[in-house]
Amino acid sequence: MLQIESRASERVKALVRLRDSALERREKGAFFAEGLRLCTDIAGVQPALEAYCTRAALAAHPQLAALADETALISDSVAEKLAGTKNTQGVFCVFRLPQPLRTVRPGGRYVALEHVQDPANVGALLRSAAAFGFEGALLCGGCADPFSQKALRASMGAAVKLGIARYEDAPQMAGALRAAGVPLVAAALRDSVPLADARADDARGVAVLVGNEGNGLTDEAVRAADVAVRIPMAPGVESLNAAVAGGVLLWHFRGGACPQA
Numbered sequence: 008m009l010q011i012e013s014r015a016s017e018r019v020k021a022l023v024r025l026r027d028s029a030l031e032r033r034e035k036g037a038f039f040a041e042g043l044r045l046c047t048d049i050a051g052v053q054p055a056l057e058a059y060c061t062r063a064a065l066a067a068h069p070q071l072a073a074l075a076d077e078t079a080l081i082s083d084s085v086a087e088k089l090a091g092t093k094n095t096q097g098v099f100c101v102f103r104l105p106q107p108l109r110t111v112r113p114g115g116r117y118v119a120l121e122h123v124q125d126p127a128n129v130g131a132l133l134r135s136a137a138a139f140g141f142e143g144a145l146l147c148g149g150c151a152d153p154f155s156q157k158a159l160r161a162s163m164g165a166a167v168k169l170g171i172a173r174y175e176d177a178p179q180m181a182g183a184l185r186a187a188g189v190p191l192v193a194a195a196l197r198d199s200v201p202l203a204d205a206r207a208d209d210a211r212g213v214a215v216l217v218g219n220e221g222n223g224l225t226d227e228a229v230r231a232a233d234v235a236v237r238i239p240m241a242p243g244v245e246s247l248n249a250a251v252a253g254g255v256l257l258w259h260f261r262g263g264a265c266p267q268a
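Every position in the sequence shown, counted from 1, becomes a number in my numbering once 7 is added.
Source of the hints: derived by calculation from the structure; they are not laboratory data. Just so you know, even glycine gets a beta-carbon here, dropped at the ideal spot from N, CA and C. Certain hints may be false.
Stated by the list, open to error - Simulated crosslink set (DSS-like; lysine-lysine; CA at most 30 Å straight-line): (1) Lys-157 with Lys-35; (2) Lys-20 with Lys-157; (3) Lys-93 with Lys-35; (4) Lys-157 with Lys-93; (5) Lys-35 with Lys-20; (6) Lys-88 with Lys-35; (7) Lys-168 with Lys-157; (8) Lys-168 with Lys-20; (9) Lys-88 with Lys-168; (10) Lys-88 with Lys-157; (11) Lys-93 with Lys-168; (12) Lys-168 with Lys-35; (13) Lys-88 with Lys-20; (14) Lys-20 with Lys-93.
Unchecked claim - What follows is a set of in silico ranges between Cβ atoms, one per label pair, in the way DEER data are often shown: (15) Ala-15 with Arg-206: 31 to 41 Å; (16) Arg-103 with Ser-246: 30 to 40 Å; (17) Pro-239 with Ser-84: 50 to 60 Å.
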């Protein structure tokens with residue numbers, strides 16, 4: 008079994024680049040994950056290309072040796088270098104990036120994000136989408152990378168369970184949905200109807216559009232949507248966190264894709 012003791016090794020440097028750079032992930036077609044639960048959950052969906060663990064982690068969890076074709080033992084010092092958390096479990100994997108979602112399916116259910124910049128919010132929204140039976144995520148504008156460390160932790164690996172497509176802007180995304188006959192529902196306060204008055208048709212599907220944490224959706228995104236909805240709130244409360252608001256909307260529009268009990 009390969010052993011890596013030095014933090015200065017070229018392999019460690021390459022892993023750090025993969026961890027920190029979205030461009031590196033796109034160029035290599037791979038992403039980096041940390042943690043026993045996250046790595047094993049993702050490995051249940053697709054096999055790991057490489058696995059790295061400390062001696063203590065391997066002794067406590069011998070099954071780690073079977074996570075990938077290549078498993079390397081790393082020193083505690085290397086684990087600290089690779090870690091994105093303060094108290095690392097000493098378990099890391101490299102996975103192949105999933106194939107992007109090529110087309111929107113008629114009747115499909117999607118979470119759509121415009122300029123959602125906080126990776127924790129992106130991850131939480133993907134996790135909610137997977138939990139409520141949605142099949143894909145449509146990203147446009149400057150959304151955070153779903154395969155960054157913070158987003159992966161927040162999504163608990165949901166990024167590999169959902170098909171993900173990227174678009175230049177909301178009108179381009181809306182055009183793809185319109186071609187498939189899937190209605191686009193925007194979360195917005197202006198020119199909107201109460202959430203209770205909006206229902207999805209299981210036969211047509213739905214795409215739920217959530218906007219930027221500070222500014223919400225752009226005007227062009229709201230115009231591109233088929234309907235805008237608002238979540239009723241108590242007086243004096245202006246808005247909800249993007250991930251919370253999205254979770255409410257995704258639950259509301261879950262339809263028959265998610266068990267009722």
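Hints, one by one, checked against the model:
no.	hint	verdict
1	Lys-157 with Lys-35	holds, 19 Å
2	Lys-20 with Lys-157	holds, 20 Å
3	Lys-93 with Lys-35	holds, 27 Å
4	Lys-157 with Lys-93	holds, 13 Å
5	Lys-35 with Lys-20	holds, 14 Å
6	Lys-88 with Lys-35	holds, 21 Å
7	Lys-168 with Lys-157	holds, 17 Å
8	Lys-168 with Lys-20	holds, 28 Å
9	Lys-88 with Lys-168	holds, 28 Å
10	Lys-88 with Lys-157	holds, 16 Å
11	Lys-93 with Lys-168	holds, 27 Å
12	Lys-168 with Lys-35	holds, 20 Å
13	Lys-88 with Lys-20	holds, 9 Å
14	Lys-20 with Lys-93	holds, 19 Å
15	Ala-15 with Arg-206: 31 to 41 Å	violated, 59 Å
16	Arg-103 with Ser-246: 30 to 40 Å	holds, 38 Å
17	Pro-239 with Ser-84: 50 to 60 Å	holds, 53 Å
Hint violations for this structure: number 15 only, all remaining hints satisfied.
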